[in-house]
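Q: Please arrange chain B on chain A, whose structure you already have, making use of the hints.
Protein chains: 2
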Amino acid sequence: MRQSQLFTKTSKTISEDIKIASHKFLTQAGFISESVAGRYYFLPLGMRVRDKVIKIIEEEMNKAGALKLITPVLHPLEFWKETARTESVGFELMTIKDRNGSGFVLGGTAEEMMVDLVRKYNISYKDLPFNIYQFSQKFRDEMRARGGLLRVREFLMKDAYSFHADEEDFKKEYQKMWDTYTNIFNRLGLETVVVESDNGYIGGDYCHEFVVKSEVGESKFFISEDGKYASHEDTAKFKKDDKNVAEEEKELQEVEANRGKTMEDGVKFHNLPLWQQIKDVLFINEKGEYILAIIRGDLDVNETKLKNISSANDLRMATDEEVRAIGSEPGFISPVGIDKKVKIIADESLRTIKNAYGGANKKNLDLMNINIDRDFKAEIEGDIAMAQSGFESLDGSILEEDKGIEVGNIFQLGYHYSKKMNAKFVDSDGQEKYYYMGCYGIGVDRTIATIVEKYNDEKGIIWPEAIAPFQIHLISLSKNEEAQDIYDNLVKSGIEVLYDDREISAGEKFADSDLIGIPYRIVISKKSLENGGVEIKKRNEKESRIVKIENIIQELK
Amino acid sequence: MRQSQLFTKTSKTISEDIKIASHKFLTQAGFISESVAGRYYFLPLGMRVRDKVIKIIEEEMNKAGALKLITPVLHPLEFWKETARTESVGFELMTIKDRNGSGFVLGGTAEEMMVDLVRKYNISYKDLPFNIYQFSQKFRDEMRARGGLLRVREFLMKDAYSFHADEEDFKKEYQKMWDTYTNIFNRLGLETVVVESDNGYIGGDYCHEFVVKSEVGESKFFISEDGKYASHEDTAKFKKDDKNVAEEEKELQEVEANRGKTMEDGVKFHNLPLWQQIKDVLFINEKGEYILAIIRGDLDVNETKLKNISSANDLRMATDEEVRAIGSEPGFISPVGIDKKVKIIADESLRTIKNAYGGANKKNLDLMNINIDRDFKAEIEGDIAMAQSGFESLDGSILEEDKGIEVGNIFQLGYHYSKKMNAKFVDSDGQEKYYYMGCYGIGVDRTIATIVEKYNDEKGIIWPEAIAPFQIHLISLSKNEEAQDIYDNLVKSGIEVLYDDREISAGEKFADSDLIGIPYRIVISKKSLENGGVEIKKRNEKESRIVKIENIIQELK
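Protein sequence lines, in the order shown, are assigned to chains A and B. Read in order, the letters of the first sequence are residues 3 to 559 in the working numbering. Read in order, the letters of the second sequence are residues 3 to 559 in the working numbering.
Derived by calculation from the structure, the hints in this document are not laboratory data. There may be inaccurate statements among the hints.
Given that identical chains are not distinguished, each listed pair holds provided it fits within a single copy or across any two copies.
Claimed, not checked - With a cut-off of at most 20 Å between alpha-carbon atoms, the simulated SDA-like pairs for lysine to any residue come out as follows:
no.: 1; residue 1: 14; residue 2: 125
no.: 2; residue 1: 245; residue 2: 200
no.: 3; residue 1: 70; residue 2: 6
no.: 4; residue 1: 456; residue 2: 516
no.: 5; residue 1: 70; residue 2: 30
no.: 6; residue 1: 70; residue 2: 56
no.: 7; residue 1: 70; residue 2: 137
no.: 8; residue 1: 11; residue 2: 380
no.: 9; residue 1: 99; residue 2: 139
no.: 10; residue 1: 241; residue 2: 277
Excised from the complex, chain A in its bound form (with noise of 0.2 Å):
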């Protein structure tokens, strides 16, 4: 391709808002253009990188046997409701209605299209198991939207769903999509580490998301010193190891406590440990019910994992208002005694304490020698902690925090949406049973701008081959036959070519080639043609080579 013909310029400049690397050149280098926030633009150079990822999804998909095929874009939200889905998702879900009356969901994931498709067959467990697949643009309102392709309102997804006749025969897809996956990445040129993440409104049990680390990414996981254990921050476990659980139970006391209403002052104030004092978090859920979080003093509350234990769709913590609401006071909240109507959840670190302190519902004053059971009861307790780096993962290794960009996940769904929408297949035995199903995401604008995040430096774009949008940018410096005889016989040999014809000087074309990326560059000049040749460089080294004419396409090889 003629680089005249390209009307999506390079820019020199860019807003001084755009700070992350790969928002600043795949903008500036004329691969994607923003039409309003978070909504992209894939223009001509873009548009030949993915669909390189594409092909490469869908090769890696195929192999694996998955189907490919599209749903409708606007989903009949009585789907949604059917599922319950309409609530779970939130704000970030996007309705509308037709001329008719009907309600449409802008599809985040498409499970329920997918199950009502497939509960349509008459399906037996000699069908059994497949697996189909999307590439889709996908939907999410989301408050903000934030680094170029990082997170955006929307965006191509490959969302692959499998259905199976049981757990056992899911697990094997499961592996074969974590498998695939690696593969995909690999191709990419991008190293992944597999965390154990949090469902959100996908629903299921258990999923995993395919991270690559980066300084720019949102998720934040725990990686343990063996590398045997990873964790997104909202599903990390840790251990919680015993306090002072040897201790005998003393007597509760009310005590007058002209404190302030930090942790740091109630340790002050007692001159007793953090660990042994209650930390207490008032939250109210989606429903306006009250939910008590409670916690050893020296841990924090994940609110992930408490949405989670507690079945709420949305928390936010309460007002200091709607704390006194239920006679409790700021700063000196309790379990003991508090309103009937609270919800209380315990972490399981209250297991590993005895006698501890914290406020007692009232204005400077505390309770001491609290004690779970005796003294209070939660209605829920579990693992509402907050892991940190340095504390130990389960089986004893030490975790550190990490983070890193989401470029993937597959997640066990398990019954979840057959039992939902009463998806049923006909086992051996004759008998109707539910699909035990899985599903599996890569968000691929996100991969791009990940790609380009770890092969970048300060003049631009350093693309893999792989998904390069051109192999070859050839440069002429001179108004000459050879660049056009070059340029001619390589698309004859079927190589990808960016021809810089413009009439603009050495310096503003090389640096556009080092914006672009592309990952060999051809210069031919008068210097180089008395050389003997042309120069050829790649894009990552600094010194470029003479290259007979004759010679390029055997040397490209």
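A: Relative to the frame of chain A, chain B by itself:
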């Protein structure tokens, strides 16, 4: 691919409401599945066909120098307001708001999005022309969906938009796209008639539809005997021969006319020719304004022509009450002495007659010897007449009515969008000038349906090789290793094979094979092996022939 892995089984029966061949066979064979009315899944078999159609379109568009890109699905509503298409598209337009209250359109075409993209760049005459295109899902909130993929509410469209310095340059591109479309449809096995047509809500001055003749099509057009003129019914021009124009104008007379309300009643009552009577049709536009269309009695009004000439977005016939409300009378409407607020639009055919007759805006009262200019004036005169078979084209060839399916269209847009959206380039003289534009669409889904309409028999589809989901349907009638070997060898040779490995009867396999319509069928059975090999038959042939197993691949080449 093994047929046993296709969960989308063929169905033997189908709803009796499904009458159209493409709808029936694509559904029954498992190429598509309807979600809700007018919104379809493309299933694995359908996706293979769709991908091939896309590839052919893409290859030809690229050959013509067009650049592929893609816009977001949601188009900011403000752009559609800039071009006033929010009004002209009317009910077909779906709009949605995000959580921040920003309005978006689910686009039926993407002129605004493309112009907005282009106006962000500093483009000089040297960068022109360029043609940018995308494949993307389009939305039309049709009152009624019908005929499977023929009229749907969501569909994949290839839409291209070209930007030029002037009309002359545009015309070259228009011709290039005309040729490109002809190539595309030829490669897809479709013979097209290119007919002039109406712009609809796209804007611009002229356009052409690519129509495949078909009984199930909705595009009515007229084509001249000599084939030199073809035009959609909404744009077809024809000779309106002079009738009695040589006559002297006689005195206007009011006469009692105790007749019925139809044109025929008038003819009978006055015993005068139909063509001498004035036909009056009263319409009301979207603003509530009255529009009186008048035309020679032997002709009919074409509403689209009337809409265009009167710049109405929408027209409806006035009710009897509304006719009376402006002091006239149903069956006796007349331009002579009609309420001044009524806008009179006269067909040019009224210039071919003298001394016409018709109603007098009062019950049972007619006017004789009505003459234009003398007795009434029209606000607009022009062509609002419907062509008919047997009429003469402007250059004297007889017109014949025909109909077909519109699979593509090319539009002159001129300055319509660039002026409304203030999109300019810098010309060689340093002046900023508006782009001269064109746009070019192909409905991918409808094209697929049209191919099936053309290529089928009573048993099912007969796919042209270029877009068949597979080239070979390998059918094994007995469990045997030979079938597996043949399958493996064909796949190794890069041939696309659907291998029917299911444990069902030969009859069912043959019926499915005919229904799915893969070009070549290879049957391996005890009998064929006894006869020395396999039976090969083309889908559209009656007789099969025996080919030795080792010669299959050679035979297929």
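Q: If a hint holds in the structure, say so; if it doesn't, say that too.
A: These are the hints, each one checked on the structure:
no., hint, in the structure
1, 14 x 125, "between (58 Å within a copy, 15 Å between copies)"
2, 245 x 200, "neither (29 Å within a copy, 82 Å between copies)"
3, 70 x 6, "between (37 Å within a copy, 16 Å between copies)"
4, 456 x 516, "within (15 Å within a copy, 51 Å between copies)"
5, 70 x 30, "between (34 Å within a copy, 19 Å between copies)"
6, 70 x 56, "both (12 Å within a copy, 15 Å between copies)"
7, 70 x 137, "both (8 Å within a copy, 17 Å between copies)"
8, 11 x 380, "neither (63 Å within a copy, 53 Å between copies)"
9, 99 x 139, "both (19 Å within a copy, 17 Å between copies)"
10, 241 x 277, "within (14 Å within a copy, 97 Å between copies)"
Hint check: violations occur at hints 2 and 8; the rest are consistent with the structure.
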